[in-house]
Amino acid sequence: MSAAALPRFLFAGECALVVEYGDRIDPAIHDQVLALDRAVAAAAIPGLRETVPTYRSLLIDYDPEQIAPDALIERLRNLPIDAAQAKARARRWIVPACYDPALALDLAFVAEKQGLTPEKVVALHSGAIYRLYMYGFAPGFAYLGGLPKALDISRRAEPRPTSPPNCLLIAGGQALITTVVMPTGWHIIGRTPERFFAPNREPVFLAAVGDEIGFDPVDAASFAMLEARAAAGEPVARLAAARP
Amino acid sequence: MTARLLICAAGPGTTLQDGGRHGYLRYGVSAAGPMDWNAHGRANILAGNPEQATAIEVGLGGIEIAVEDGVVSLGFAGAPFSVMLNGQALPPAGRIRLSQDDRLAIKAGAAGAWFYLSPAGGFDLPPVMGSLSTSLRSGIGGKALAAGDGLPLREAMALPELGLELPPSPSGPIRVLLGPQDDYFTPAAIERFFSTPYRLAPRSDRMGYRLDGPPLDHSKGFNIVSDGIEMGAIQVPGDGKPIVLMADRQSTGGYPKIGYVIRADIGRLAQLRAGEAVRFEASTIDAARRELFAGLGSMRDSLAQTFPLGGGLSSEFLLSLNLISGAQSMAEEG
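Heads up: the protein sequence lines correspond to chains A and B, in order.
Numbering-wise (this note's numbering), the first sequence opens with residue 22 and increments by one.
Numbering-wise (this note's numbering), the second sequence opens with residue 2 and increments by one.
So here's chain B without its partners, still in its complex pose:
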């Protein structure tokens, strides 16, 4: 009998996400997929899975899991959440082995919004339209995970336990490639967008991140004949308040899009919490591509950034965790 992952507790909006449901955008089906592709890919790579394999996406509500009928190695990465195995603190990213009677508890930490858990070998579940991603809005791919759910796993070898040394998280503005409807905005509005801080509004979710800040003036109305939308599109409806369309976005839209958050920075934006400040900066197609390739390269190199775990963690290490999360909170406030 192969192992099953048991959900003992899960916050709202905990879902399965793979690289996304591709090929159906022309039929109005959102791709879904992870909010932070880089963290999602790291969790998968740590588990020895393909970078776009299915992982559990955990939000601020956290999760508690156990395993039944076997042993499973789990890759995990994402925001610096608290990761506790049977009450013992683990680094915020790495790989552990979960056996019968073990209990893994993930809770939101000082910063960040999304965290990923990937079982080595993957889930033994039937894909829906080629994907296991859950689209909560359309109901394709099932519902959010909840306490009592049991997820069948494919058989896989147990792997050595690791901690992941995350590269320093980039700071600075979120970079944006203008278009396709930047010509629907006054030059003053574009200037304002890149010079004023915005705050993430509370009504933000996997579909869209709403930004509070100075409204952006349209130069020729706020209705366009609908065109296609990808993740990261910054649409500006009639009230002038930008909305960044995220993983569960609609496939088309009738509001002008001033630009797109570059793919390299979309995870960093996704990891913001409501009320946190964000600035935007104009980028170029060449810079966007360069940064994306660098991000992909670092993600694919995750295993080279690991250190062995086992026999308990040193007090120096636990202290360093506190220092890191403390420094990060200060950076967020500053």
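Excised from the complex, chain A in its bound form:
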């Protein structure tokens, strides 16, 4: 894909357009997606319903009765885009993470498979700063980039029919924070008491795409205490100054 051809405007049916900046996971590509997303939000284009930022593209859902795709593409090509401003909006969340073996169902397996001790796996996972690249699959499932290479492990051969809520998962070189109970083929290496999706809390979704995520290891007793507070509707992750 040559840089001059980018972005590509692709049809996703006649009610949505995909603006594609690349075909890989790359912070520079994602920065462009976020910058366009912010520019689109600021432009308040009539007929535009919602957008979905992903790793490498922005899906734009529009009302075909209000705007035609060629007119929409024309508007998008001429939007003023401020990449620096988009980046400055990112926040950094420090999220409590419990790696107790009773909750981290696949920690021992991951350690053995990667030739590491469980303590080293925890140190690697909790020592990294991640970028929230996108939400997907289910409400509030946060897809994170920035997993240390030593934790690059393929998916489970047998997916689990269910996984507990608010899990910390890894697979395929990515990290994921889950919310609701769902089947998963990823490895469960911990749990967080934080709810990235809480339908009865404001904000319903804790973090924005583009935010940074760090983990703060807590023991089982602290997890139980924070879990009770989170269940009562209190956010238990804290904000740190981003990009110090």
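Treat the hints as calculated values from the structure; they're not laboratory data.
Just to be clear, a hint being listed does not mean it is correct.
Stated by the list, open to error - Cβ-Cβ distance ranges computed for the label pairs, FRET-style:
(1) A/123 x B/170: 52 to 60 Å
(2) A/223 x B/278: 44 to 52 Å
(3) A/177 x B/147: 32 to 40 Å
(4) B/224 x A/49: 16 to 24 Å
(5) B/197 x A/96: 33 to 41 Å
(6) A/144 x B/147: 48 to 56 Å
(7) B/72 x A/106: 51 to 59 Å
(8) A/64 x B/13: 38 to 46 Å
(9) A/122 x B/174: 54 to 62 Å
(10) A/89 x B/215: 31 to 39 Å
(11) B/153 x A/101: 44 to 52 Å
We treat Cβ as the ideally placed atom computed from N, Cα and C, and that holds for glycine.
Fit chain B to the supplied structure of chain A, relying on the hints for placement.
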């Protein structure tokens, strides 16, 4: 006291659906909404409601309802299901008045999969994240409806009873707009997709319609870096068997999407039953838009396609119902 709609019996997967939960797709929340927007909109318009108001979506398991503490006018439309009011057959689409002691029974007919019931005035229920749509997979918007449920209704005037003369249901292939990842397929695979019939697989639901048929070969692997998904996306996983992502689809996906079923045809696809055959045909953005606008226009014009009901139905009318459903079964088999 305002009326309540009572669910006396409901098949699995009977849910409330409005136009969908919009604005949260970026947070991984599926829009949900109706499987057949055209039938859903007709039921609403017949009830005098906005076209994207909340209706009960009824599947093959059917439903039986009654009303408590009042009278309610109900718009109904969808697949040619059997509609019986106190044992008397009604046309498969129209508007009736349901009073205390009345019992409305909807059962699947010879063809089709989804049917909609919309109470005039709408449901008096609190929206969740701006919508009353039920997303069974994520649990947002509550559970499936079940016997014993009572749904509070907003007050509304009783309306005259009507039958709806449905325009002849379009036949022919389901039309598809290629992209955004048609370049992940060999030209032979695209040719095969548009030239061979597929069958709807039994493991199909509100989330995805799985198609049995010749596998489609990928030209550069079957993993893409995830991008966004809308209703009608045709994703092709590693086994080459296409899956059309429907109302309860996930918001993003990592399989290449060969194309999208055009919005005008998505309801027709949704109305297929497991085992039924379907063909696909390439369309264009202009044709997709034209067909969508025509479908919207016909739906919005529903009240002009009605005839008065009342004083019982003629035997000619009941006979015509049989003829129509017979002709449709033959068309499905042919």
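* **Consistency of beta-carbon spacing, residue 147 of chain B to residue 177 of chain A, with hint 32 to 40 Å** => 35 Å, holds
* Honestly, do residue 153 of chain B and residue 101 of chain A meet the 44 to 52 Å range at C-beta? -> 49 Å, holds
* Asked: Should the hint that residue 197 of chain B and residue 96 of chain A are 33 to 41 Å apart at their CB atoms be regarded as holding?
  -> Between residue 197 of chain B and residue 96 of chain A, where Cβ atoms are some 40 Å apart, the hint holds.
* To do: Look at the Cβ atoms of residue 123 of chain A and residue 170 of chain B and judge whether their distance stays inside 52 to 60 Å.
  => 57 Å, holds
* Should the hint that residue 223 of chain A and residue 278 of chain B are 44 to 52 Å apart at their CB atoms be regarded as holding? -> Cβ of residue 223 of chain A to Cβ of residue 278 of chain B: about 49 Å, so the range 44 to 52 Å holds.
* Between residue 64 of chain A and residue 13 of chain B, does the beta-carbon spacing fit 38 to 46 Å? -> 44 Å, holds
* May I ask you to test the hint 51 to 59 Å on the CB atoms belonging to residue 72 of chain B and residue 106 of chain A? => 58 Å, holds
* To do: Given the hint of 48 to 56 Å, check if residue 144 of chain A and residue 147 of chain B actually sit that far apart at their C-beta atoms.
  => Distance hint for residue 144 of chain A, residue 147 of chain B holds at roughly 49 Å.
* residue 174 of chain B and residue 122 of chain A - C-beta distance against the hinted 54 to 62 Å -> 55 Å, holds
* To do: With 31 to 39 Å as the target window, see if residue 89 of chain A and residue 215 of chain B comply at their CB atoms.
  => 35 Å, holds
* Asked: In this structure, is the beta-carbon distance linking residue 224 of chain B and residue 49 of chain A contained in 16 to 24 Å?
  -> This hint holds: roughly 21 Å between Cβ atoms.
Comparing the model with each earlier hint shows no violations; every hint is respected.
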